[in-house]
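Residue numbers (the working numbering), protein chains in the order written: chain D, 1 to 567; chain V, 1 to 332.
Treat the hints as calculated values from the structure; they're not laboratory data. Treat each hint with caution, since some may be false.
As the list claims (entries may be wrong) - Calculated lysine-lysine pairs in the BS3-like style (CA-CA distance at most 27 Å, straight line): (1) K351(D) to K48(V); (2) K74(D) to K48(V); (3) K27(V) to K241(D); (4) K337(D) to K137(V); (5) K241(D) to K265(V); (6) K94(V) to K50(D); (7) K278(V) to K74(D); (8) K241(D) to K195(V); (9) K295(V) to K337(D); (10) K351(D) to K53(V); (11) K256(V) to K351(D); (12) K27(V) to K362(D); (13) K53(V) to K191(V); (14) K74(D) to K323(V); (15) K94(V) to K362(D); (16) K50(D) to K137(V); (17) K49(V) to K195(V); (18) K323(V) to K241(D); (19) K137(V) to K362(D); (20) K53(V) to K50(D).
Claimed, not checked - Simulated restraints, written as ranges between beta carbons of each label pair: (21) R319(V) to W283(D): 40 to 50 Å; (22) L426(D) to S146(V): 12 to 22 Å; (23) W202(D) to S330(V): 13 to 23 Å; (24) I542(D) to E183(V): 49 to 59 Å.
Quick reminder that beta carbons are idealized off the backbone N, C-alpha and C, glycines included.
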Amino acid sequence: MAIEQPRPRTSRTRDTIADVKALARDPILLATLAAIVLLLSVFVVWPVWKVFWLSIAPRGVLSLDTYRYIFSQKWLTRSFTNSLRLGAISATTSTVVGFIFAFGLNRADVRHPGFIRQMALLPIISPPFMFCLSVILLFGRNGLITRGIFGRTNFNVYGLWSLVLVQTLGMFPIAYMVLDGVLKAINADLEDGALNLGASRWSVFTTITLPLSTPGLASSWLLVFVTSLADFANPMVLAGKYDVLSVQAYLQFTGMYNMPRGSALAILLLFPALTAFLVERYWVSRRSYVTVTGKPSMHTIPMVSRGVAVFCEVVCWITALATIMFYSVVIGGAFVKLWGVNWTPTLEHFKYAWDVGSNSIKSTVLMAAGATPITGFLAMIIAFLVVRKRFPGKGLLGFISMLGYAVPGTVVGIGYILAFNRPPLLLTGTGLIIMLCFVFREMPVGIEAGVASLQQIDPAIEEASRNLGASSGYTFGHITLPLVRPALLAGLSYSFVRSMTAVSAVIFLVSARWNHLTALTLAQTEIMRLGAASALSIFLIIIVMVAFAIMRVLVGKEHRPAGMLPR
Amino acid sequence: MKRFLSIVAMVLVLAVMLVVPTMSAEKVVVYTTLDEPLAREVFAAFEKKTGIKVEWVRLATGECVARLEAEASNPQASMWFGGVGLGHIEAANKGLTTPYLSPNAKNIPAKFRDKNNYWTGIYAGALSFACSVDRLKQLKAEAPTSWADLTKPVFRNEIQMANPGTSGTAYNVIATLVQLWGEQKAFAYLKELDKNIAQYTKSGSAPGKSAALGECAIGIGYAHDQVKLVTQGYDIKITFPSEGTGYEVASISLVKGGKQMENAKKLYDWALTAEAAKIYASTCTVPFVEVPLMKGAIPFTQVNTIDQDDQWAANERERLVDKWNNQIYSTR
Numbered sequence: 001m002a003i004e005q006p007r008p009r010t011s012r013t014r015d016t017i018a019d020v021k022a023l024a025r026d027p028i029l030l031a032t033l034a035a036i037v038l039l040l041s042v043f044v045v046w047p048v049w050k051v052f053w054l055s056i057a058p059r060g061v062l063s064l065d066t067y068r069y070i071f072s073q074k075w076l077t078r079s080f081t082n083s084l085r086l087g088a089i090s091a092t093t094s095t096v097v098g099f100i101f102a103f104g105l106n107r108a109d110v111r112h113p114g115f116i117r118q119m120a121l122l123p124i125i126s127p128p129f130m131f132c133l134s135v136i137l138l139f140g141r142n143g144l145i146t147r148g149i150f151g152r153t154n155f156n157v158y159g160l161w162s163l164v165l166v167q168t169l170g171m172f173p174i175a176y177m178v179l180d181g182v183l184k185a186i187n188a189d190l191e192d193g194a195l196n197l198g199a200s201r202w203s204v205f206t207t208i209t210l211p212l213s214t215p216g217l218a219s220s221w222l223l224v225f226v227t228s229l230a231d232f233a234n235p236m237v238l239a240g241k242y243d244v245l246s247v248q249a250y251l252q253f254t255g256m257y258n259m260p261r262g263s264a265l266a267i268l269l270l271f272p273a274l275t276a277f278l279v280e281r282y283w284v285s286r287r288s289y290v291t292v293t294g295k296p297s298m299h300t301i302p303m304v305s306r307g308v309a310v311f312c313e314v315v316c317w318i319t320a321l322a323t324i325m326f327y328s329v330v331i332g333g334a335f336v337k338l339w340g341v342n343w344t345p346t347l348e349h350f351k352y353a354w355d356v357g358s359n360s361i362k363s364t365v366l367m368a369a370g371a372t373p374i375t376g377f378l379a380m381i382i383a384f385l386v387v388r389k390r391f392p393g394k395g396l397l398g399f400i401s402m403l404g405y406a407v408p409g410t411v412v413g414i415g416y417i418l419a420f421n422r423p424p425l426l427l428t429g430t431g432l433i434i435m436l437c438f439v440f441r442e443m444p445v446g447i448e449a450g451v452a453s454l455q456q457i458d459p460a461i462e463e464a465s466r467n468l469g470a471s472s473g474y475t476f477g478h479i480t481l482p483l484v485r486p487a488l489l490a491g492l493s494y495s496f497v498r499s500m501t502a503v504s505a506v507i508f509l510v511s512a513r514w515n516h517l518t519a520l521t522l523a524q525t526e527i528m529r530l531g532a533a534s535a536l537s538i539f540l541i542i543i544v545m546v547a548f549a550i551m552r553v554l555v556g557k558e559h560r561p562a563g564m565l566p567r
Numbered sequence: 001m002k003r004f005l006s007i008v009a010m011v012l013v014l015a016v017m018l019v020v021p022t023m024s025a026e027k028v029v030v031y032t033t034l035d036e037p038l039a040r041e042v043f044a045a046f047e048k049k050t051g052i053k054v055e056w057v058r059l060a061t062g063e064c065v066a067r068l069e070a071e072a073s074n075p076q077a078s079m080w081f082g083g084v085g086l087g088h089i090e091a092a093n094k095g096l097t098t099p100y101l102s103p104n105a106k107n108i109p110a111k112f113r114d115k116n117n118y119w120t121g122i123y124a125g126a127l128s129f130a131c132s133v134d135r136l137k138q139l140k141a142e143a144p145t146s147w148a149d150l151t152k153p154v155f156r157n158e159i160q161m162a163n164p165g166t167s168g169t170a171y172n173v174i175a176t177l178v179q180l181w182g183e184q185k186a187f188a189y190l191k192e193l194d195k196n197i198a199q200y201t202k203s204g205s206a207p208g209k210s211a212a213l214g215e216c217a218i219g220i221g222y223a224h225d226q227v228k229l230v231t232q233g234y235d236i237k238i239t240f241p242s243e244g245t246g247y248e249v250a251s252i253s254l255v256k257g258g259k260q261m262e263n264a265k266k267l268y269d270w271a272l273t274a275e276a277a278k279i280y281a282s283t284c285t286v287p288f289v290e291v292p293l294m295k296g297a298i299p300f301t302q303v304n305t306i307d308q309d310d311q312w313a314a315n316e317r318e319r320l321v322d323k324w325n326n327q328i329y330s331t332r
């Protein structure tokens, strides 16, 4: 194993020429690459460019007035630094919690692993706004816990730390999903070998497990950071005085009717995302993390001491309990007449929610179900290309695929209208535009999970397949995909959930025929029909649970010893 | 691999299904800012009467203007139904809507419709204070009945209002105060009020909701939004400032370049009839066409409203909001 392995340095141009030649010899690869570049250009670059253009040329003429205005306003520059601070803190806490879950499940043998695993995935199903509403209902000035139990009526629940709390609870699953795939893929022989040779558990952890998880840790930090920057539902409700840029961008669109300024604010969010992305790629790509070499491996020696296992369990349980607590408010709210005022049990919210929402539910499920497989499959192909293949413009491809994820949803929504509102691509008002939006917006989680696990799989396995005469398409389908199953499953689950709970982009794309469940839920919270909103959320949770089960069956079992080839 | 191919094939079939437009003989596509249940009722009644199918999407005022603007090259909707008057003025200024003089416009007082016929008001809501009865009891304070009451020290950190930079409701507060007292006195007052503000919420209806949940003692917002909270069972008291208060004019406009203009005009005409007004009134709003009001709704005549100039307010918006941001919000 080589952790530090400097790349051979040769002339860049010679490299590029060699890359192009190699590409020309592999027509399937070339065609795939061309198709992906085309898709990304049309559905990611084009809409974002439309919005960017709006910000630099508000009246059709190039002008930097919008940006000049933004940097002259203290309340806007303050939002920018606030966004960065929140993103960095949430990314760190989420990655730590996600790692503890993944480590606990894969190495520390925590008790009740099935339950813990469910708890690690449950928070991503939280419908937007409902989680924050629960926070207020529990911890607000009139909150069930703050006032009901502690009798405090002046507790300030709004601000940075509440946001960190809800974002960590809502986003650590992203880190968990990426890291779970990574830890599963680390060849256990390495750790066992080191332990047999007399290394202490701590030094095994710090010199093997942790360094090998680096790509995953970096990926998940990046993903959470970017998610937090673009998150607008949580700060909208809980930020209080702590203004962040994504909310300001949304409000410039919808409150000040100023599209150029809203676009410019959203575009500004791309810079920290871009920086984080470049740093991550640079840092990770300088090392090699290959441990899956095609030989089966199983753990024989417990990796951690009892104390560490207990610590992991405690963290998992605290997180799980917090999640359950917030969910019980949502679920409880659906069964009582009016939360906080009238506690009479009732089922009328479900009837109302079904009357109002059955059509939206159907179209939401249809759109999410359509988008999910495309997202997962495309993500794996891109991850494969980025990790395995050499071609010019690789870094750019990786970054562009992140773009749709990094800009706030409002901008994606507006960009999609601007880009696809006239022939030849007249898509507004159709369900397809919402599906495409899901695909290109949610793909990066799948890509990151795929990249992280592919970096650990020895290319020799794939080379062997090709040397034996398989085409690159066959090799991808029969060797690579099965090896990255956990990552694929993670990508699929996540993109399905996000498609079911998306709100900020979708609000601009829904039509009467193709309405979306969260748009409806949002409308219910607007008029404080919390019972109906909760009931709709419960429908959502049930649908997602069923979908997870179906996906697990379709993709196949994930519990295969790392590195063992499928038969 | 086969499994994946079959999944991909399924998806393609689905995709084709998604793009095939739904066939419908007579229809009109509408963006509405009415609350979900009200919209459902209003459009169902119109459908029943005329047989014209209303395909509607609910959007907040700002979202609606943003969407109309983004779609301007190929408008998807033909009409915007409901939503704050200032938003309709903004849409007209941006050239997104088109004038139409409905034969029924005479039902509406001239004060509540555009003199160039770009928009027509359907109902009004006055700015008011939603007071949490429970919270007031804890503070041992009376519900405020004037703008001046709001600056009392007892309400320190107990008032919520929306951010004028982001919410038409809150901008209406500033515009009202400036029209009432002149700019200098209004801003001095806002500075004083700032000390009592717990937070400036993003959306205009949030303060009322916070008061309903007991999150703050007083939320500044529109009376009809707050009355709805009362009818849902929340314990809040609604009061009006005695010095005079502003109001919103929920309006309707036709979208420029809409595809079903004839049907949209029929809906526009019908929206200004007593039949439609009765439905608006059923959710505690106060329609301009005189119809019996719901119990709990507050007739406009009982409130001291100012002589409001929305056109002026729309023109001054950017400047006043910038001033507020720099003089008050930035210094928090």
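(message) Just to be careful, I want the Cα atoms of K351(D) and K53(V) compared with a cutoff of 27 Å; is the pair within it?
(response) 25 Å, holds
(message) Would the hint linking K94(V) and K50(D) be met if the CA-CA limit is 27 Å?
(response) Distance of about 19 Å is within 27 Å: holds.
(request) Sort out whether K74(D) lies within 27 Å of K278(V), counting only the CA atoms. (result) 48 Å, violated
(request) Sort out whether K362(D) lies within 27 Å of K27(V), counting only the CA atoms. (result) 22 Å, holds
(message) Taking the Cβ atom of W202(D) and the Cβ atom of S330(V), is their distance within the range 13 to 23 Å?
(response) Violated - the Cβ-Cβ distance for W202(D) and S330(V), about 50 Å, lies outside 13 to 23 Å.
(message) Hinted pair, alpha-carbon criterion (27 Å max): K53(V), K50(D). Please report holds or violated.
(response) 34 Å, violated
(message) With the threshold set at 27 Å, check whether the alpha-carbon distance from K53(V) to K191(V) stays at or below it.
(response) 50 Å, violated
(message) Run the distance test for K50(D) versus K137(V): straight-line Cα separation, threshold 27 Å.
(response) 54 Å, violated
(message) Just to be careful, I want the Cα atoms of K241(D) and K195(V) compared with a cutoff of 27 Å; is the pair within it?
(response) Roughly 13 Å between the alpha carbons, so the hint for K241(D) and K195(V) holds.
(request) Could you grab the alpha-carbon distance between K74(D) and K48(V) and see if it respects the 27 Å cut-off? (result) The given pair, whose Cα atoms are some 54 Å apart, is violated under the 27 Å limit.
(request) Starting from K49(V), check that the Cα of K195(V) is at most 27 Å away, please. (result) Violated, because 53 Å separates the two Cα atoms, which is more than 27 Å.
(request) Quickly compare the C-alpha distance for K351(D) and K48(V) to 27 Å and report which way the hint goes. (result) Status holds; Cα separation ~23 Å.
This entry does not satisfy hints 2, 3, 5, 7, 11, 13, 15, 16, 17, 19, 20, 22 and 23, going by the numbered hints stated previously.
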